[in-house]
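Engineer: Chain residues, written in single-letter form:
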Amino acid sequence: QKEVEQNSGPLSVPEGAIASLNCTYSDRGSQSFFWYRQYSGKSPELIMFIYSNGDKEDGRFTAQLNKASQYVSLLIRDSQPSDSATYLCAVKPGAGSYQLTFGKGTKLSVIP
Amino acid sequence: GAVVSQHPSRVICKSGTSVKIECRSLDFQATTMFWYRQFPKQSLMLMATSNEGSKATYEQGVEKDKFLINHASLTLSTLTVTSAHPEDSSFYICSVARPADFYNTDTQYFGPGTRLTVL
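Keeping their order, the protein sequence lines are chains S and B.
Residues 1 to 112, numbered by my numbering, are exactly what the first sequence covers, in order.
Residues 1001 to 1119, numbered by my numbering, are exactly what the second sequence covers, in order.
Next up, chain S with everything else stripped away, as it sits in the complex (with noise of 0.2 Å):
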C-alpha cells in the first residue's frame, strides 16, 4: 500500500523562523510531489511541486526533494503568523494517472 507520512504536529515556531515540514513516501516509483497549504475551515491551496532531486525555490518557501531516501521537505522562510495552516505533502505516482497520494497533514503554528 502506497504511504505518505507526515508528522502531525503541531509544530510551532517563532515569528520570523524558519519552519521545516518533512514528508517520507513508500512508493520509489513515485514522480511527482506536491505541497498544499491548507488553512482550518478551507480547502486545500497548492504551494508548490517538485519532481527533481535537489532543492526548488519559489519566494519564501523551499521544496527539497531526495528520491534515494524517499523523503521530500518544504521549508518556510521568516515565518508569519499568516502561514499557519496544515501543511498536506502529495505524491502522484507515475505517468497515467492524475490521482494524488495525500499525508494526514502537519499543521504549524507560528507564534508572534
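Don't take each hint at face value.
Stated by the list, open to error - If the Cβ cut is set under 8 Å, some of the chain B residues that face chain S in the computed set are:
#1 LEU1044
#2 THR1075
#3 GLN1108
#4 TYR1109
Simulated from the structure, these hints should not be mistaken for lab results.
C-beta: ideal position from N, C-alpha, C; glycine also.
Since chain S is already given, all that's left is putting chain B on it; use the hints.
Structural biologist: Chain B alone, transformed into the frame defined by chain S:
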C-alpha cells in the same frame, strides 16, 4: 494554476433528502475531476474519480448508489448525496486535474469546498 468553483458553499438539509453539489472548471476543460470528503480534524479522503463521458471510479468503501457522480461536460462534475443522513455531514471538496505543460507537471487544483450539514 486553475480556477475551480463549487456550488453551493454551504448547505443544510433534512435527513432523507438529496443534495446536489456542482464543481466547475472555469479556465480549462477538465477531463478528470476528483471528489474528496473531509471530516473535522481529519485528512482528505478520496471518494471517487470523475471522468468526462464515462462512469466514475469509486474508492473502496464508498457507496456508488449513495454518492452519484455525473461528469457530463468538460467543465462540470456533480456529486449528489442521495437520502442524506447526519453521518454524511462533512466538507466535500472537488479538484480538477490539469495536465502538464511547459511550466507544470500534472497537478490537482481544489475547489473551495461545500460544507454539508444534515439535520
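Engineer: A separate judgement is required for each hint: does it hold in the structure or not?
Structural biologist: Each hint tested on the structure:
no.	hint	in the structure
1	LEU1044	holds, 5 Å
2	THR1075	violated, 17 Å
3	GLN1108	holds, 6 Å
4	TYR1109	holds, 6 Å
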